[in-house]
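Engineer: So the chains spell out like this:
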Amino acid sequence: MSPFFAQSIGRAALAGIKDLIQRIFLRGENPFVSYATNCMRPPGAVDEKAFMALCIRCNRCLEVCPYGSIKRAGVGFAMGTPYVLAEQKACYLCMACCRLCPTGALDSSLVSPEKVSMGKAAIDKSICYSHLFLEHDVLPDHTGRKIGALCNTCYNVCPLQDKAIVLRKNLFPEVMDACVGCGICVERCPTRPKRAINVIPTGMGRVDEAGFYFRKAKGHYESAVTVEKQGQQGVLKGDRLLEQKSRIDATTEQPKFDFPYSVPKSIEGWD
Amino acid sequence: MYAPYRRAVQFAALFLVFFIPVLNLFEIYSITGTFYAINIGSLGIADPVVILQALFASGRLTVPLLGAALFPVIFALLFGRVWCGWICPYHLMADGAAVLRRFLRARLFRSSFPEKLPVSGSFKANVVRFGFLMLGTVIAGAVSIPVLNYVHAPGIISTEGMIFVKERTVSPEVLFIVVVILLELTVLPRFWCRLFCPTGAFISLFRARFTLRIENSAKNPKAPCCTENHCSAACPMGLAPYREGNNLLCTNCTLCVDSCLSKRLRFGGFRLGA
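Keeping their order, the protein sequence lines are chains E and D.
Its first residue numbered 13, the first sequence is counted upward by one per residue in the numbering used here.
Its first residue numbered 2, the second sequence is counted upward by one per residue in the numbering used here.
Think of the hints as simulated: they come from the structure by calculation, not from any bench.
Some hints could be false.
Below, simulated DSSO-like cross-link-like pairs (lysine-lysine); rule was C-alpha separation at most 27 angstroms, straight line [stated by the list, open to error]:
1) E/K101 / D/K167
2) E/K175 / E/K101
3) E/K137 / E/K101
4) E/K30 / E/K61
5) D/K167 / E/K30
6) D/K220 / D/K117
As the structure is a prediction and not an experimental result, all values here were calculated from the model.
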């Protein structure tokens with residue numbers, strides 16, 4: 013054997029060992045120290061605390077997953093527990109893992125993909141091509157190239173199309189409450205380096221749903237809906253407001269925008 | 002001679018570690034799982050320690066959980082701690098480490114490794130292993146995480162095998178196996194199976210009068226029956242098999258039966274084909 017040949021074999025072996033060590037330790041990033049976007053538990057998972065108690069790290073969900081979506085968490089308390097990293101490989105909702113879970117950490121009675129709740133997708137309107145196109149027509153991407161696109165990839169790949177993601181005015185996508193958080197839209201979203209659509213896993217707090225004033229406003233909205241059901245004219249919001257505004261015509265009689273609440277004359281302790 | 006059959010069964014179990022994921026790659030799902038929990042057809046089997054921890058940690062008692070633990074418990078009641086001695090892939094690796102150790106002691110290091118098992122005496126060893134099991138279960142209940150799964154040697158080996166087949170890599174848990182094997186090879190011979198393994202400790206609790214065991218057919222089974230004492234030297238668990246065949250540590254590995262020159266040791270209790 014020539015020395016050159018031996019040297020190259022040795023170099024290849026060293027490179028292989030180095031690669032293996034890197035793969036062991038670099039894939040050890042642990043997404044469940046705290047919640048992170050695009051890191052979801054597999055479909056049918058019970059809430060995070062019960063999941064940590066019930067999951068015995070047997071990795072049968074990982075074994076049976078035909079898409080290779082399910083990964084293992086690395087060093088830490090959650091070591092060995094399964095998760096789906098939507099940016100790498102999303103869950104395709106085949107529901108094979110739920111059936112197999114021996115301890116009920118994944119709900120084995122769950123068979124229909126519509127009832128999964130791994131998370132909720134949220135669109136970042138400042139990067140989404142469709143939303144940007146709507147506002148600017150033409151825009152630079154991260155390389156400085158001018159692009160303008162009606163992309164709507166998330167709408168096209170969504171397994172619950174027209175339920176979880178709808179196209180508003182055939183122009184821009186919007187995520188609805190039916191979203192199960194499978195993450196296929198995240199996997200396919202073309203924007204780089206950040207995705208314009210991200211899945212926020214179930215149990216993780218959302219900025220736009222947090223805090224007292226949000227809950228207060230939500231309660232106000234709900235009360236307005238109930239008022240409307242009773243036959244009075246409620247507070248209009250969103251599409252219905254747009255619809256009513258579009259019917260405003262200066263030549264005809266103007267519709268009335270009533271405020272259906274009685275305003276108190278005095279407030280306690282405010283004299 | 003039981004040794005060849007035992008080795009065959011052990012190697013078959015080790016083969017299964019790599020073969021089950023290969024089957025699943027070809028989309029044959031009649032047998033799935035790892036040694037934490039396995040499904041053969043529709044029969045679900047799970048490690049009873051794992052189930053025990055899940056019960057303590059989650060505080061909920063469900064029928065599928067108990068049903069999965071039922072089969073190993075019945076198996077242990079009939080055959081004793083046969084899982085450890087005959088099937089567990091870690092025990093096979095520990096056997097290999099013991100052979101390598103004997104070679105290193107004799108040829109290279111000139112008896113610089115200790116020969117004695119770390120905690121001598123079966124009673125002390127049992128106290129240590131049941132203490133470890135109880136401690137682990139209590140911690141699992143307290144922090145709501147099945148902590149003993151991090152040190153579940155057969156489960157880790159089979160999981161790593163599955164990951165190796167599926168992804169051509171291994172995960173950090175494999176370091177646990179490496180460290181324990183290195184310790185067994187150098188300073189603490191046979192310490193994991195004998196003193197710590199929670200699975201072995203838990204399934205050895207299930208022992209009845211009809212359980213398979215090692216029996217001494219001499220007239221006085223409590224007294225040493227020969228001067229050579231090959232059986233005690235052969236026992237990997239540090240027992241004296243002529244009188245401690247019914248000890249909770251015994252794995253029915255039959256090394257003592259094979260080593261007995263006068264053929265006094267044999268299977269007792271519920272007998273196989275006898």
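Engineer: Indicate, hint by hint, whether the structure satisfies it.
Structural biologist: Okay, the hints, checked on the actual structure:
With a CA separation close to 15 angstroms, the supplied pair E/K101 and D/K167 stays within the 27 angstroms bound. Taking the CA atoms of E/K175 and E/K101, the gap is near 22 angstroms; set against the 27 angstroms cutoff, the hint holds. Pair hint E/K137 plus E/K101 holds up; C-alpha atoms about 23 angstroms apart against a cutoff of 27 angstroms. For the suggested pair E/K30 and E/K61, the alpha carbons sit about 37 angstroms apart, so the restraint of at most 27 angstroms is broken.
As the CA atoms of D/K167 and E/K30 are separated by approximately 20 angstroms, the hinted pair is consistent with the 27 angstroms bound. As the CA atoms of D/K220 and D/K117 are separated by approximately 30 angstroms, the hinted pair breaks the 27 angstroms bound.
Hint violations for this structure: numbers 4, 6, all remaining hints satisfied.
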